[in-house]
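Protein chains: 2
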Amino acid sequence: MPDHIRIQEVLQMEPPRPSLTIKGWVRTFRNDQFIAVNDGSCHENLQVVIDPAQFDATTLKRITTGAAIMARGELVASIGRGQKVELKASQIEILGDCDPETYPLQPKKHSLEFLREHAHLRMRTQTFGAVFRIRHSLAYAIHHFFHQRGFIYLHTPIITASDAEGAGELFQVTTLDLQHVPLNERGEVDYSQDFFGRKANLTVSGQLEGELGALAFSRIYTFGPTFRAENSNTTRHLAEFWMIEPEMAFYDLNDNMDLAEEFIKYIIRFVLEQHPADLQWLAARLKEEESKKPQQERFEMELLEKLHFVVENPFERITYTDAFEILKNSPHNKKKKFQFPVEQWGMDLQSEHERYLVEKYFKKPVIITDYPKEIKAFYMRQNDDGRTVRAMDILFPGIGEIVGGSQREERYDRLLQRMQELHISPQELYWYLDSRRFGGCPHSGFGLGFERMVQFVTGMNNIRDVIPFPRTPKNIAF
Amino acid sequence: MPDHIRIQEVLQMEPPRPSLTIKGWVRTFRNDQFIAVNDGSCHENLQVVIDPAQFDATTLKRITTGAAIMARGELVASIGRGQKVELKASQIEILGDCDPETYPLQPKKHSLEFLREHAHLRMRTQTFGAVFRIRHSLAYAIHHFFHQRGFIYLHTPIITASDAEGAGELFQVTTLDLQHVPLNERGEVDYSQDFFGRKANLTVSGQLEGELGALAFSRIYTFGPTFRAENSNTTRHLAEFWMIEPEMAFYDLNDNMDLAEEFIKYIIRFVLEQHPADLQWLAARLKEEESKKPQQERFEMELLEKLHFVVENPFERITYTDAFEILKNSPHNKKKKFQFPVEQWGMDLQSEHERYLVEKYFKKPVIITDYPKEIKAFYMRQNDDGRTVRAMDILFPGIGEIVGGSQREERYDRLLQRMQELHISPQELYWYLDSRRFGGCPHSGFGLGFERMVQFVTGMNNIRDVIPFPRTPKNIAF
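Just so you know, the sequences run in chain order R and D. What the first sequence shows, in the numbering used here, is residues 2 to 479, in sequence order. What the second sequence shows, in the numbering used here, is residues 2 to 479, in sequence order.
This is chain R alone, in the form it adopts within the complex (with noise of 0.2 angstroms):
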């Protein structure tokens, strides 16, 4: 194995230790004897300092920010200020250099949108590194709490023939010569000579698949890219984007509910307890970003002060009914303070809706339950009432929905109905419906948009910015 020591580990160490050797880019070099050295294992850099007597010009003059270097000495403890340990380096290799006329990235503050047109280099930054250590922690955290728990990752289809939701844009998935499309004899294109012998495309949710999982292992949650080819150039959308959807045999709407917090304050917390330096540099960063807005539109909580709200406030569960009663007679509503006023009962919520319950009202999470049955998918559990389904919604401050979930119709005839309704094949979904023919039962899912999270936790305003390569429209570098 390598010789040299993470960084990380390195901080870690209590002084002294005579030999060690490590390996990273350089960010700065001071007075020709103080080099900061990263190597992305965490956000802190290790000083490294020489002797510049010893070591020749050229070397010296290739210690430039961006360089690879190895170093290679005694770790001592520091007598500067900021750092408790450095190392006192007798030799130094560049091992790959960095011209710094050239170089992209230069010791000073570049802009998001810079930085995103050099994203194959920008994650070597301390934002960025902050944030793509924090999504790393997140998955982590994800596939360590579900393991735990006894549930098993099901890797549901990419490429597939249906439509989950029967509302998403689609990309489709072709092998076929699109200057030369074979058409049939009724000018229709001719599928039977495609790849799968029908039309195919981009999953938009693994959830249908899910349900079989977890009608054969009790519980199951996928973990994996989903598409929309939805033409919105927003910094809150991508075409193609990780979900996580986790589906229990035997789990009512309140299981659900009580899964979903103690999963979602699950991961959170494991990110506070791993990266506090990451978060302060984020929270520091996103204090100042919002220093410059007009004063009405500062988010009032700061980073850490939003993440232990949620860590630590219960969620608040309400009805869809009892919430837009609220929001119906809230002063904001009758002042007509919202863009889309609150009149009509079955009418879908808006995001200025749910952060005025989450931020003004309850001040803390909400979930919202039984929504009306026309603004939800076809396969949630109708209510006895007619006109509601067995859904929940989690709003966060500052994001809106960032869960939705719901208990599963898993009766027959009730699910063939709502899909004859909705004009859904069944036999397309004849598998789908096998699934409540054949010991069936009470089961309930929900789904996590996992950039989504990362948005929140890292506190990046743009969606772009928490995936490495974002792909949005006309944007698919990299």
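Please keep in mind that the hints were generated in silico from the structure rather than gathered at the bench. Hints may be right or wrong, so weigh each one.
A pair holds if it fits inside one copy or across any two, identical chains being indistinguishable in the list.
[Unchecked claim] Distance condition first, Cα-Cα at most 25 angstroms in a straight line; then the derived DMTMM-like pairs of lysine to aspartate or glutamate:
1) Lys475 / Glu170
2) Lys475 / Glu186
3) Lys62 / Asp435
4) Lys266 / Asp4
5) Lys110 / Asp435
Put chain D on the given structure of chain R with help from the hints.
Below, chain D alone, put in the same frame as chain R:
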């Protein structure tokens, strides 16, 4: 949280326990008295014992194979053979009926082909239960292994404009209307009207983007779906499969081999420890399957023997050139027993050659290094001999190549020259070349086909039987 307890946990409890609730599916119901219930949490069933006199005939009739039930009662030591505890149920509730007349899974052995056509239900069988529980544990062990060693899980893009290997057969991703594909004035497809403004396809590997991550975080790994539009209907190919691709800065080929070997042994050992019952079931299944083959086609080792063989033997490391000589001079080759005779240095090794080295010659897993550059990818580090590259392939008994990796070419000029020789556009891959211009450094990585590993560990011969919903030519069901 729900009041029922997973059967895996129940089976580990010390009897007696006064009141306990379980939920699961009926495997068998004997003598109106003994219900074998499984909830997918483990291979073993829980025996639920009822006094038929306590239940009405309608309920008893609904306790059929596949039905979902709740059972509540006292957990007691079992006097019967085959189980330590059993549940004396005072209460039974049918949660979901299963009509024995139409249920495709009868309480008998079904062929794997039949079950493939019923992939929505096959996860409920003992064989596929075992396969997918083990698949889960392998995935979890992978995340755990890398997390513990400071690797960052990097989500590389699924939709991409680049073809990493320059070789794969690609699935195209589009939102154009295939019946009316827009053409430009030259009669070519007008991709400016497509979603991404240019031709897009599904990734064949995340490696190139992974390298960018390694040059920021030192150590990263990917674990995501990859795609090949290869029109081959074999037991070894899927159009959609999952890959793990770790990439490490400051690792040379030896470090890379050390890591790969440690990694493979770790994840297999994890399954050996966690899934003894599932493995035993699969071993018996394989043994029976093998027994039907003619003697000379049978695999010599049994499943558990094969797993221990890998975990307990240091992998043999040998150069391609030495391996070539061994093969060329082998009695097997001289007697012309290879389908592809070993004659010319530079030839690619076939599965039969790989298996000969592993199973006959070394009798342990083998890592072959320093392959001829002409049969390897452009990004592998060139050796000074001018004809080989720092590649490594790990070969396994029964399966041949399971891991492919290399030290990467970190020298800008050499990389550029090789790309030009192979007509790979430096303009298209400017971002990849940038990683060599700015603080590039020695680095290495490898790729593991996840399904190949699941096949190896479960002993399933057909790769379609180790992924929940396989995608192959003309097959996109579910």
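Structure-based check of each hint:
1. Proximity of lysine 475 to glutamate 170 under the C-alpha cut-off of 25 angstroms is found in both arrangements, the shortest distances being 16 angstroms within a copy and 23 angstroms between copies.
2. For a Cα distance limit of 25 angstroms, the shortest separation of lysine 475 from glutamate 186 across copies, 21 angstroms, qualifies, whereas the shortest one inside one copy, 35 angstroms, does not.
3. Proximity of lysine 62 to aspartate 435 under the C-alpha cut-off of 25 angstroms is restricted to the inter-copy arrangement: shortest distance 21 angstroms between copies versus 70 angstroms within a copy.
4. Within a single copy, lysine 266 and aspartate 4 get their C-alpha atoms only as close as 38 angstroms, which misses the 25 angstroms cut-off; across copies the closest is 22 angstroms, which meets it.
5. Taking CA atoms no more than 25 angstroms apart as the test, lysine 110 paired with aspartate 435 passes between copies only; the shortest distance there is 21 angstroms, against 57 angstroms inside one copy.
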